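Q: Here is how the chains run, residue by residue.
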Amino acid sequence: GQSLEQPSEVTAVEGAIVQINCTYQTSGFYGLSWYQQHDGGAPTFLSYNGLDGLEETGRFSSFLSRSDSYGYLLLQELQMKDSASYFCAVFWGTGFQKLVFGTGTRLLVSP
Amino acid sequence: GAVVSQHPSRVICKSGTSVKIECRSLDFQATTMFWYRQFPKKSLMLMATSNEGSKATYEQGVEKDKFLINHASLTLSTLTVTSAHPEDSSFYICSAKRPADRYNSPLHFGNGTRLTVT
Numbered sequence: 001g002q003s004l005e006q007p008s009e010v011t012a013v014e015g016a017i018v019q020i021n022c023t024y025q026t027s028g029f030y031g032l033s034w035y036q037q038h039d040g041g042a043p044t045f046l047s048y049n050g051l052d053g054l055e056e057t058g059r060f061s062s063f064l065s066r067s068d069s070y071g072y073l074l075l076q077e078l079q080m081k082d083s084a085s086y087f088c089a090v091f092w093g094t095g096f097q098k099l100v101f102g103t104g105t106r107l108l109v110s111p
Numbered sequence: 112g113a114v115v116s117q118h119p120s121r122v123i124c125k126s127g128t129s130v131k132i133e134c135r136s137l138d139f140q141a142t143t144m145f146w147y148r149q150f151p152k153k154s155l156m157l158m159a160t161s162n163e164g165s166k167a168t169y170e171q172g173v174e175k176d177k178f179l180i181n182h183a184s185l186t187l188s189t190l191t192v193t194s195a196h197p198e199d200s201s202f203y204i205c206s207a208k209r210p211a212d213r214y215n216s217p218l219h220f221g222n223g224t225r226l227t228v229t
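Read top to bottom, the protein sequences are chains A and B. Residue 1 is where the first sequence starts when you use my numbering, and the numbers rise one by one after that. Residue 112 is where the second sequence starts when you use my numbering, and the numbers rise one by one after that.
Treat each hint with caution, since some may be false.
What the hints assert, rightly or not - Here are the computed lysine-lysine pairs in the BS3-like style, where the Cα-Cα straight-line distance is at most 25 Å:
1) LYS131(B) - LYS98(A)
2) LYS152(B) - LYS98(A)
3) LYS175(B) - LYS153(B)
4) LYS175(B) - LYS208(B)
5) LYS153(B) - LYS98(A)
6) LYS131(B) - LYS153(B)
7) LYS125(B) - LYS166(B)
8) LYS166(B) - LYS98(A)
9) LYS177(B) - LYS131(B)
10) LYS152(B) - LYS177(B)
11) LYS208(B) - LYS131(B)
12) LYS208(B) - LYS125(B)
13) LYS153(B) - LYS177(B)
14) LYS98(A) - LYS125(B)
15) LYS81(A) - LYS153(B)
16) LYS152(B) - LYS166(B)
17) LYS208(B) - LYS153(B)
18) LYS125(B) - LYS175(B)
19) LYS175(B) - LYS81(A)
20) LYS166(B) - LYS81(A)
21) LYS131(B) - LYS166(B)
22) LYS98(A) - LYS208(B)
23) LYS208(B) - LYS166(B)
It should be emphasised that the hints constitute simulated quantities derived from the structure, not laboratory data. The model shown is predicted, which means the values in this text are computed figures rather than measured ones.
Isolated chain A (complex conformation) (with noise of 0.2 Å):
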């Protein structure tokens, strides 16, 4: 089976710095991938870590370890636009075609 652990919520204020952090247990691992959703809405895609270390797009990073099986995504100079669901993912199964879900997390920014 698999386990992917995130903080429920997170509230931060425009301009700051966040950090989500996602712990995970799997068997077998094709690399941690990141998706926002927007109440109501589908998820995005918003990047994807298959080796160790930092992966930088715009104002978003994301980052994994796979030997502590750890991974966060820093979102950095905050917008309103960015209050929404984060996602933790990985692919598992048979050919490890199905992506599988983190618990989520909700953030919350205000002004």
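Fit chain B to the given chain A structure using the hints.
A: Chain B alone, transformed into the frame defined by chain A:
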């Protein structure tokens, strides 16, 4: 633009009736599609994997006879919620993979269907 289309976006039905949700890949052939269910403020839970031309593979705890999945063509998968009950009210989302997608490729999601059973 959207590469996966899901319809309807919202549906209200009476208890005991059946509801069909469609998921289409718009500009690619999706041999595999996935159906998820999401309760308010919760994560997306994988329900089943839909394979074109063969039976769907259901996750543990998902009732096959309750949630019928058909993947009759390379661009269309349908989820039918049979004999719906209020506890089936949820947000259902489909997704699809392009054949060439790798692990660092994003999964393409439909916009979801909000089902309310009264």
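Q: Are there hints from earlier that the structure breaks, and if so, what are their numbers?
A: 7, 12, 14, 16, 19, 20
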